[in-house]
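Turn these sequences into a full structure, and let the hints guide you.
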Amino acid sequence: MTEKLHKEPKTKDNDQSPIIEIKDLHKTFGKDNTILKGLNLILNKDENLVVLGKSGSGKSVTIKCIVGLIEPDQGEIKVFGENVLNISKNELNAIRVRIGFLFQSGALYDSMSVRENLSFTLSKHKRDLSADEIEKEVMEALESVGLAEAVDKMPSELSGGMRKRIGLARTLILKPEIILYDEPTTGLDTITSREISELILDIKNKQKTASIIITHDMACAKLTADRIIVLKEGVIHAEGTYEELEKDEDEWVRSFFQ
Amino acid sequence: MILNLKNIFTEIGETTIFAKKFFKEVFIPPYETKEFFKQCYIIGYKSLPLVAITGFIMGLVLTLQSRPTLVKFGAESWLPGMVALSLIREIAPVITALICAGKISSGIGAELGSMKVTEQIDAMEVSAINPYNYLVVTRVLACTLMVPILVFFADAIGIVGGYVGINIHGDVNFYRFLTQIIQSLEFLDLFPATIKTFFFGFVIGMIGCYKGFTASNGTESVGQAANSAVVTASLSIFIIDMVAVQITDLFF
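Protein chains in written order, with my numbering: chain A, 419 to 676; chain B, 23 to 274.
No lab work stands behind these hints: they were computed from the structure.
The structure presented is a predicted model; accordingly, all values stated were derived computationally and were not measured.
There could be a bad hint or two in this list.
Quick list of the computed label-pair ranges, beta carbon to beta carbon [what the hints assert, rightly or not]: (1) F220(B) to E651(A): 53 to 61 Å; (2) L27(B) to G564(A): 38 to 46 Å; (3) K56(B) to S574(A): 17 to 25 Å; (4) T241(B) to E661(A): 38 to 46 Å; (5) G245(B) to F498(A): 40 to 48 Å; (6) S435(A) to I261(B): 55 to 63 Å; (7) E661(A) to K56(B): 50 to 58 Å; (8) I39(B) to E509(A): 18 to 26 Å; (9) K472(A) to I261(B): 47 to 55 Å; (10) L547(A) to F220(B): 33 to 41 Å; (11) T608(A) to E36(B): 43 to 51 Å; (12) S529(A) to E47(B): 18 to 26 Å; (13) K472(A) to L25(B): 29 to 37 Å; (14) V253(B) to S529(A): 23 to 31 Å.
In silico DSSO-like links for lysine-lysine, alpha-carbon gap of 27 Å or less [what the hints assert, rightly or not]: (15) K463(A) to K622(A); (16) K28(B) to K449(A); (17) K60(B) to K544(A); (18) K43(B) to K542(A); (19) K624(A) to K640(A); (20) K507(A) to K56(B); (21) K542(A) to K60(B); (22) K544(A) to K46(B); (23) K624(A) to K544(A); (24) K482(A) to K626(A).
Examples of chain A residues toward chain B, derived with CB under 10 Å [as the list claims (entries may be wrong)]: (25) G564; (26) T589; (27) K593.
Think of the CB as a built atom: it goes at the ideal place given N, C-alpha and C, for glycine as much as any other residue.
Okay, structure coming up:
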């Protein structure tokens with residue numbers, strides 16, 4: 419199962435259409451720090467894809483390439499059927515609006531309150547909305563992550579878990595079709611991690627989003643994953659469901675699940 | 023040595039490319055007017071007390087230091103005009119710009135640097151919001167417009183300081199003091215000095231933004247961005263001043 423994946427991306431269900439398709443992605447930092455060595459990846463509609471791998475295996479680089487934060491050296495990234503590497507800035511922005519990105523730290527704007535963090539993004543993209551309509555959408559997004567009471571707080575007043583939830587609410591406010599999670603449960607206690615994992619699952623079920631979830635948290639992977647891929651040395655080393663990979667013949671792959 | 027020189031030229035080149043983007047972005051909507059006025063308030067209004075204190079001290083000290091020499095030559099009556107000319111043409115623009123480099127450039131460098139390392143700038147980018155337009159254009163524009171206003175303010179307060187200085191040793195009527203200043207000033211004393219303050223403001227904002235935007239990941243780089251912004255902006259102010267004086271000398 420592990421070797422042939424390097425060439426042909428595998429889909430779990432052929433009926434589902436790929437919403438993100440990555441082919442032969444290469445990225446080297448500096449002169450010889452090669453991170454991605456021909457990565458092939460597919461994300462299907464309504465699918466939660468969990469990406470596992472050691473630190474430095476290229477997980478975060480991959481999702482940053484998808485949204486255009488990092489420019490790959492070679493390869494093709496198709497999002498909603500468009501190669502994001504060959505489009506104009508405006509076209510890329512039109513795609514970015516349809517993709518949510520949850521940063522590891524939450525990346526809330528420190529100088530703004532929670533309300534402003536959410537309304538800022540919304541008001542930039544929906545300039546015709548009235549103040550009341552923006553407020554309504556902000557409260558709806560906050561309620562969806564269970565933090566409506568934090569609306570007037572500043573990011574410095576929030577705990578790690580709350581920051582992640584608010585970050586998620588900020589992502590959800592634009593109603594994205596794809597959400598990319600960069601280690602959503604890192605640095606959180608077990609209970610909060612589980613709450614975030616349940617929230618990810620809840621969002622997928624309610625809003626029908628497709629997601630790529632980068633995590634080292636196996637409980638999160640077990641709960642949220644429809645499919646898991648394991649990266650090693652810049653390519654996919656193994657792929658399957660949680661149950662399949664847990665019993666994989668490769669000891670290195672199994673070690674993630676112990 | 024050669025490596026250092028290479029780094030300096032690379033830095034100048036990269037700053038120029040970064041600054042070039044400003045002239046492209048400043049005309050492209052959306053115009054972030056709310057953020058621009060907020061920055062004008064922070065950069066302009068909040069710097070007033072500092073500029074007022076230094077402006078007053080500049081005027082007072084300059085008067086007290088110049089007086090003995092002028093008295094020696096029996097030219098004490100030239101004191102108001104000389105103090106005003108020195109303040110308006112050189113001292114107030116340069117000192118105010120240096121204070122702004124310390125306060126504003128470092129503040130912008132630290133703020134944007136910390137936004138960079140905590141991925142807030144990336145978060146804007148992936149939300150399809152142009153961080154250059156929102157963060158850089160507004161701050162640079164606010165600096166370019168606010169620094170000249172702060173310099174005018176420092177000129178005025180400095181003249182008041184000069185009046186206090188003169189009155190320590192004698193009794194001069196304020197109206198007479200002002201009349202002497204106005205008589206000794208020409209339009210050409212004000213014009214080049216004002217023009218150069220716009221360049222000071224632009225450089226202060228641009229260098230702060232550049233240093234913050236290019237901070238590498240890690241909290242240490244935030245401090246470095248702030249420190250480097252002050253040093254580079256201060257040095258640039260002196261270089262601009264030297265060039266401005268040469269050009270003024272050439273034409274006027």
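Next item on the list: Report the numbers of all earlier hints that the structure fails to satisfy, in ascending order.
Entry: Hints 2, 25 and 27 not satisfied by this model.
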